[in-house]
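> Sequence:
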Amino acid sequence: ASALAHKDRFISEYFRFDLNIRNAKVKYLNKALGRPADKDLVLYASDEEFEEAADIETILNTGDILSRERGIDDLMWEKINNLTTFNYFDIDAILGFIAKLNIVARWYKLDEQTGREMFKRLVDEVRGTFKGVEYNG
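If you count the sequence shown from 1, position 88 lands on 93 in the numbering used here, and the numbers rise without skipping.
Please keep in mind that the hints were generated in silico from the structure rather than gathered at the bench. Among the hints, a few may not be true.
Unchecked claim - With a straight-line Cα cutoff of 16 Å, these simulated EDC-like cross-link-like pairs (lysine to aspartate or glutamate) come out:
| no. | residue 1 | residue 2 |
| --- | --- | --- |
| 1 | K84 | D43 |
| 2 | K84 | E57 |
| 3 | K114 | E74 |
| 4 | K12 | D95 |
| 5 | K84 | D69 |
| 6 | K125 | D95 |
| 7 | K114 | D129 |
| 8 | K84 | D45 |
| 9 | K44 | E18 |
| 10 | K84 | D23 |
| 11 | K30 | D13 |
| 12 | K30 | E57 |
| 13 | K84 | E18 |
| 14 | K30 | E62 |
| 15 | K30 | E74 |
| 16 | K36 | D79 |
| 17 | K36 | E62 |
Unchecked claim - Just the calculated beta-carbon pair ranges, DEER-fashion:
| no. | residue 1 | residue 2 | range |
| --- | --- | --- | --- |
| 18 | Q118 | S51 | 34 to 42 Å |
| 19 | G68 | K114 | 19 to 27 Å |
| 20 | Y93 | D23 | 21 to 29 Å |
| 21 | A10 | E83 | 20 to 28 Å |
| 22 | R132 | N35 | 21 to 29 Å |
| 23 | R14 | L46 | 33 to 41 Å |
| 24 | S7 | D69 | 19 to 27 Å |
| 25 | F94 | R40 | 45 to 53 Å |
| 26 | N35 | Q118 | 27 to 35 Å |
| 27 | H11 | T63 | 37 to 45 Å |
| 28 | Q118 | A50 | 26 to 34 Å |
| 29 | K30 | N87 | 27 to 35 Å |
Note that the structure is predicted; figures quoted are calculated from it, not measured. Note that beta-carbon positions come from the ideal geometry of N, C-alpha and C, so glycine has one too.
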């Protein structure tokens, strides 16, 4: 509740998106288990619609669990990019980097090769934000 009401746009929108993803997972599991669809959802007062609902439903209906998890994390990564567009040197850029780093760390534990690929992607993104700086590493 504190994160959803936070004055920082990144924090409130990121956690709202995360809650929507978690609720979508619960709905998916409820359906698979034959339980009422709204059982165990965490609801919040908002008139906003979850724009990515169709995307997450498609991802959750993927048969392979690793593909499903990768799809969810790719969706989160994309959301982080959207929330931090034009935020170069502020707290939102740092928070977005940390959120992505958590995704990378998770994948490094699940599948080391995928974790390494995602880390390279993150490093390439960070390098891309410093236009004009030559890196010969």
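> Evaluate each hint against the coordinates.
We went through each hint and held it up to the structure:
no.: 1; hint: K84 to D43; verdict: violated, 25 Å
no.: 2; hint: K84 to E57; verdict: holds, 10 Å
no.: 3; hint: K114 to E74; verdict: holds, 13 Å
no.: 4; hint: K12 to D95; verdict: holds, 15 Å
no.: 5; hint: K84 to D69; verdict: violated, 23 Å
no.: 6; hint: K125 to D95; verdict: violated, 23 Å
no.: 7; hint: K114 to D129; verdict: violated, 21 Å
no.: 8; hint: K84 to D45; verdict: violated, 25 Å
no.: 9; hint: K44 to E18; verdict: violated, 24 Å
no.: 10; hint: K84 to D23; verdict: holds, 10 Å
no.: 11; hint: K30 to D13; verdict: violated, 26 Å
no.: 12; hint: K30 to E57; verdict: holds, 13 Å
no.: 13; hint: K84 to E18; verdict: holds, 9 Å
no.: 14; hint: K30 to E62; verdict: holds, 9 Å
no.: 15; hint: K30 to E74; verdict: holds, 11 Å
no.: 16; hint: K36 to D79; verdict: violated, 24 Å
no.: 17; hint: K36 to E62; verdict: holds, 12 Å
no.: 18; hint: Q118 to S51: 34 to 42 Å; verdict: holds, 39 Å
no.: 19; hint: G68 to K114: 19 to 27 Å; verdict: holds, 22 Å
no.: 20; hint: Y93 to D23: 21 to 29 Å; verdict: holds, 24 Å
no.: 21; hint: A10 to E83: 20 to 28 Å; verdict: holds, 24 Å
no.: 22; hint: R132 to N35: 21 to 29 Å; verdict: violated, 43 Å
no.: 23; hint: R14 to L46: 33 to 41 Å; verdict: violated, 24 Å
no.: 24; hint: S7 to D69: 19 to 27 Å; verdict: violated, 36 Å
no.: 25; hint: F94 to R40: 45 to 53 Å; verdict: holds, 47 Å
no.: 26; hint: N35 to Q118: 27 to 35 Å; verdict: holds, 33 Å
no.: 27; hint: H11 to T63: 37 to 45 Å; verdict: violated, 30 Å
no.: 28; hint: Q118 to A50: 26 to 34 Å; verdict: violated, 43 Å
no.: 29; hint: K30 to N87: 27 to 35 Å; verdict: violated, 21 Å
Of the numbered hints given earlier, the model fails hints 1, 5, 6, 7, 8, 9, 11, 16, 22, 23, 24, 27, 28, 29; all others are met.
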